[in-house]
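Residue numbers (the numbering used here), protein chains in the order written: chain A, 68 to 404; chain B, 68 to 404; chain C, 68 to 404; chain D, 68 to 404.
Worth double-checking, as some hints may not be accurate.
Remember, identical chains collapse to one label, so a pair may be satisfied in a single copy or spanning two.
Here are the simulated DSBU-like pairs of lysine-lysine, each with C-alpha atoms no more than 35 angstroms apart in a straight line [stated by the list, open to error]:
#1 K73 x K186
#2 K73 x K262
#3 K243 x K215
#4 K145 x K73
#5 K145 x K134
#6 K146 x K134
#7 K402 x K137
#8 K282 x K372
#9 K243 x K146
#10 K145 x K269
#11 K282 x K156
#12 K185 x K372
#13 K73 x K94
#14 K137 x K73
#15 K372 x K73
#16 K402 x K134
#17 K154 x K137
#18 K154 x K73
#19 K134 x K372
#20 K73 x K146
#21 K185 x K73
#22 K269 x K137
#23 K134 x K94
Think of the hints as simulated: they come from the structure by calculation, not from any bench. As the structure is a computational prediction, the values presented were derived from the model and not from experiment.
Protein chains: 4
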Amino acid sequence: MIIVLKPGSTPAEIDHVIERIRELGLKPHVSAGEHRTIIGVIGDENKLQAQPLQAIPGVEQVIPIMKPFKLASREFTKKDTIVNVGKVKIGGGHLAMIAGPCAIESLAVLDEIAGPVKKAGANILRGGAFKPRTSPYSFQGLGEEGLKILRDIGQKHDMPVVTEVMDPRQIPLVEKYADMFQIGARNMQNFDLLKEIGQTMKPVLMKRGMSATVKDLLMSAEYVLAEGNPNVVLCERGVRSFEDSTRNMLDMSAVPNVKGQSHLPIIVDPSHATGRPDLIPPMALASIAAGADGVHIEVHSCPEKALSDGPQALLPGRYASLMEQIRKLADLMGKTY
Amino acid sequence: MIIVLKPGSTPAEIDHVIERIRELGLKPHVSAGEHRTIIGVIGDENKLQAQPLQAIPGVEQVIPIMKPFKLASREFTKKDTIVNVGKVKIGGGHLAMIAGPCAIESLAVLDEIAGPVKKAGANILRGGAFKPRTSPYSFQGLGEEGLKILRDIGQKHDMPVVTEVMDPRQIPLVEKYADMFQIGARNMQNFDLLKEIGQTMKPVLMKRGMSATVKDLLMSAEYVLAEGNPNVVLCERGVRSFEDSTRNMLDMSAVPNVKGQSHLPIIVDPSHATGRPDLIPPMALASIAAGADGVHIEVHSCPEKALSDGPQALLPGRYASLMEQIRKLADLMGKTY
Amino acid sequence: MIIVLKPGSTPAEIDHVIERIRELGLKPHVSAGEHRTIIGVIGDENKLQAQPLQAIPGVEQVIPIMKPFKLASREFTKKDTIVNVGKVKIGGGHLAMIAGPCAIESLAVLDEIAGPVKKAGANILRGGAFKPRTSPYSFQGLGEEGLKILRDIGQKHDMPVVTEVMDPRQIPLVEKYADMFQIGARNMQNFDLLKEIGQTMKPVLMKRGMSATVKDLLMSAEYVLAEGNPNVVLCERGVRSFEDSTRNMLDMSAVPNVKGQSHLPIIVDPSHATGRPDLIPPMALASIAAGADGVHIEVHSCPEKALSDGPQALLPGRYASLMEQIRKLADLMGKTY
Amino acid sequence: MIIVLKPGSTPAEIDHVIERIRELGLKPHVSAGEHRTIIGVIGDENKLQAQPLQAIPGVEQVIPIMKPFKLASREFTKKDTIVNVGKVKIGGGHLAMIAGPCAIESLAVLDEIAGPVKKAGANILRGGAFKPRTSPYSFQGLGEEGLKILRDIGQKHDMPVVTEVMDPRQIPLVEKYADMFQIGARNMQNFDLLKEIGQTMKPVLMKRGMSATVKDLLMSAEYVLAEGNPNVVLCERGVRSFEDSTRNMLDMSAVPNVKGQSHLPIIVDPSHATGRPDLIPPMALASIAAGADGVHIEVHSCPEKALSDGPQALLPGRYASLMEQIRKLADLMGKTY
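Based on the sequences and whatever the hints tell you, model everything.
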């Protein structure tokens, strides 16, 4: 950590900062420059991060040098983590091909979607039973009935299933039916939820919050890892921006950015990122080319009758033709699924 | 609602849209223009909002005309809502002067802060017992012990108290000790939490999410109102932006923007919005001039030893001098507290 | 265009709007709904766009239906435009592989870069002679001397050259030496510059402004096209965002988004978008997979001694290995260069 | 400047960095920590800023300690700068009350606006003769004819006048007619324009770019100051954001943020910032309360017939009632105009 003092800070102020650092058992290195004095601090930076050094009179800036996450960092684990969801592997060259409707509506509709996506190459089935909706007047999901449908259709088509959990109290229920938890973008910093999911060993698909930096995303993963659950798969799904012709802005560079800093797998959700069926296929291909460990795509057999997010769903036929292109690209990139 | 069809949409496509609208018991008005056909829909727009009309072939754009919130709207209630927190009124000319430390640390520290802020004019005491922290390694709050301290110090100084609730399971506990719930920015779209707070009658201070639009904020208020709790006070606390010299960007225009669309009170939190003690006083004054129903300011007797967000806290003396200026400005604006 | 009136607008207000529309020779279609009256306007929407209808009492919202650009639109020209830069084609399946240093520093340095990039597959050489620098104290470019070096080295290696023009007065000079103008992100809305470049017939590489929407970018292209110059190539180079670990946020979906709305070619500049050499190769690959008509990459033989933007430049060897991967991906996508 | 080396950087890499620093005549201070080595550099940081140290192998981060602007900094000039525009003073307790239409349309219309605003308390008249318009098909301004009208009406009502200059070639012409140049948001980084305006001594109103940070704004002021023109007045006019109910997001905290770092005056333009007449008055009041040195407000006698930006203009009567409130607030704040 580096502490930059204001120009004109007094010797008493400088001494006070030094004393505070020593109280914590750390060693200050003072460099008195022409314009400013700078203090480098050697030792366990985490001790200092909890300290509001910025509030000490005379301090201009406090600059952390180390990353605030540990277990999630590439320095902690050099090798790519591979997360197992049922028989499906994610990371280390293995792609997750997650597909399904936004919300589970009925056994018949889910079945009608699951068959074709499985055939097209999807290896994990998704569907929401608890839906976070901006409006209290929108469809809120089928709850446990939806979870049962999801499990049954997943078993029928031999696909593990992933579904969102919004509230810590839903964890035991969702754990019973699903192979993987999804933490939605709106809950990426619901820290109680993160901690309690961290206490299970079930894989988690953690979506990036709409205004989360890459560092924030890795800090949320750290919450889960710190509780003992190492099975975290991250998901870029777009962030809020001024561009109004897409639902969100897909931050494609987050893929290699995360991979440089962390050993955790990261996939991309072009459906929520763009909100437009015409943009999903090129963004799915770009994700694979960027090195993503999979894609998460919404598919619906009748988007115009979907109870949630219909306009951004692909038809099963369009999904199948996209998957043919992805297959060739995955081969070129040396990835399997 | 207006449905714009793509140039070159076929008569069959147009008929299909019309039929879908009629199925819902609504009346379509078709205008065939030179370049595009447009269909206006008359009737209860909410029926349509649940329908993914955008996904129908031939549809280019679906444009809602009505606001998606009802109970929160100015059209629903013309008069400014006044929310009572203990003996303190918020809204309709009454200002909430909320002050206190970020986190409750001990009885002694809170007492040392509460006395001076009460004397300076604060009318509600704040302090966090459950803290949402980006890092799992940061101080997470004292929990119930903190709540007891907050209540005791509030009673000692005759101030109602407000504190954050992060998880629906904490509601009964927090309800017992606090006079007002706070919903933090990270939980503005934690819909289960909103619904269950909506089932109490205790006032709620609802902070705007870091990437929430003004409409999103009002939709979250609608969740609480729809469950029966009318006592919602909104809070602008800055949004994420590219400006890196402040913690967030304070969207000051949200104050009159909300007041034009809604009858609910709105206050401003310049502490979290700016993260800088030098910017808090001018932003607090600007908030009152903009028509805010109060300000929420972090105060700490020793910011450099605060366990959370010390660098953005004002010292009690600085808070007192600010309150003198606010007093004169409130008089000029015809507001009381 | 659709004009939505406020709830409770008076018949006199409605008549006033109708009269104003008729004055312009257009036909209003009035739909009186339960809550609001809506007026659809049929005819040349451009006549109306210049009119501040929003300011008429009683008007709540004015919603344009047509796109504000014409010559740049896919509706105007169905087929992909192919822009010729010397013997290089851009668009319609032909990729622009633009490479070179940020700034032209000397004949020797440029030569040392141009040789390897040409060998690796680059087909256009770039280099700045006039540099827009945030600080007045930074290197501002070599001016005409730089242009001469660029032309000479381009001829030596048989590559057409592209360079930035910042001021309309530089157009004749730059036109003499370069095969393609570059309009930088900071000048995307320098309308005098756009108009005067529009009066030449030389190809233009137009970079997206840091806070420009896709529509803004297409409107700036419209400025050039409207003056008679059809040779516009667009360039996504990242926009400003809250993410602080990359220089800008690469909006990859702008590629298919532009291609859906416009016939103009669009390439991607991952160097400025990310500002990080570790992210440039995966983003270049993703760009090609997303359908971009080329990539623009900064290469420097000694980044640590570069006079501008050294930290984001690739070494020639890294560029060559990236180009091998791009070659295979381009083959898969059916693109040539 | 602080240079942080990567964990595991070799002694040879560290030596190479040290050597490079010494080559520049500067002194490196090396601190070898447990995890990382840090090098503090003492001396003229500007020498280093031009050097791409980040690109040196083994370097993880380069952290500048000093601000990149000098002449604009509060450290350079402690006292508030007062800029004189005709007989009007701006800064140091003197408020600029700039008002007028977006574009100059005719002598009669400008006269009809100037009279009432002068009477209401405006002290500088504005109006655009050269208009930067997103669309090439929108009204582009009257040019020199507009400048004459502006000067004549300004003289008639005894008000100095300000108008935008978009192109360096317009400087001599605008200089002849106007008392103050305006640099628009889109030209804040048109560096040739900045330099040439810096070579005049005429006051400049410099608007913040739509994606400019506060530091970027001060760097653009530095361009003008560095050429010898000290008469720069900054203007906050909103930045691009995801909030779609206002034209831009007014960054009110930029006012005290600039004042802390710089001696230059800063005013606020709530018209362009919000784009909504209902939000302009509260934002104008908030600006004065935040410490702004004035406000810039668009006024039009018939907004619905205005040739540019009509919907965001106030009627003269609304402007007058706002000015009454501002008068009282200015008195309270100890400001005069």
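How the hints compare with the structure:
| no. | hint | in the structure |
| --- | --- | --- |
| 1 | K73 x K186 | between (65 angstroms within a copy, 33 angstroms between copies) |
| 2 | K73 x K262 | between (39 angstroms within a copy, 32 angstroms between copies) |
| 3 | K243 x K215 | within (9 angstroms within a copy, 37 angstroms between copies) |
| 4 | K145 x K73 | between (39 angstroms within a copy, 15 angstroms between copies) |
| 5 | K145 x K134 | within (15 angstroms within a copy, 37 angstroms between copies) |
| 6 | K146 x K134 | within (18 angstroms within a copy, 40 angstroms between copies) |
| 7 | K402 x K137 | within (28 angstroms within a copy, 43 angstroms between copies) |
| 8 | K282 x K372 | between (38 angstroms within a copy, 26 angstroms between copies) |
| 9 | K243 x K146 | within (31 angstroms within a copy, 49 angstroms between copies) |
| 10 | K145 x K269 | within (23 angstroms within a copy, 50 angstroms between copies) |
| 11 | K282 x K156 | within (25 angstroms within a copy, 41 angstroms between copies) |
| 12 | K185 x K372 | within (22 angstroms within a copy, 53 angstroms between copies) |
| 13 | K73 x K94 | both (21 angstroms within a copy, 20 angstroms between copies) |
| 14 | K137 x K73 | both (31 angstroms within a copy, 16 angstroms between copies) |
| 15 | K372 x K73 | between (62 angstroms within a copy, 20 angstroms between copies) |
| 16 | K402 x K134 | within (30 angstroms within a copy, 41 angstroms between copies) |
| 17 | K154 x K137 | within (29 angstroms within a copy, 48 angstroms between copies) |
| 18 | K154 x K73 | neither (58 angstroms within a copy, 38 angstroms between copies) |
| 19 | K134 x K372 | between (46 angstroms within a copy, 23 angstroms between copies) |
| 20 | K73 x K146 | between (43 angstroms within a copy, 19 angstroms between copies) |
| 21 | K185 x K73 | between (62 angstroms within a copy, 33 angstroms between copies) |
| 22 | K269 x K137 | within (21 angstroms within a copy, 40 angstroms between copies) |
| 23 | K134 x K94 | both (19 angstroms within a copy, 28 angstroms between copies) |
In terms of the numbered hints stated before, the structure departs from hint 18 and from no other.
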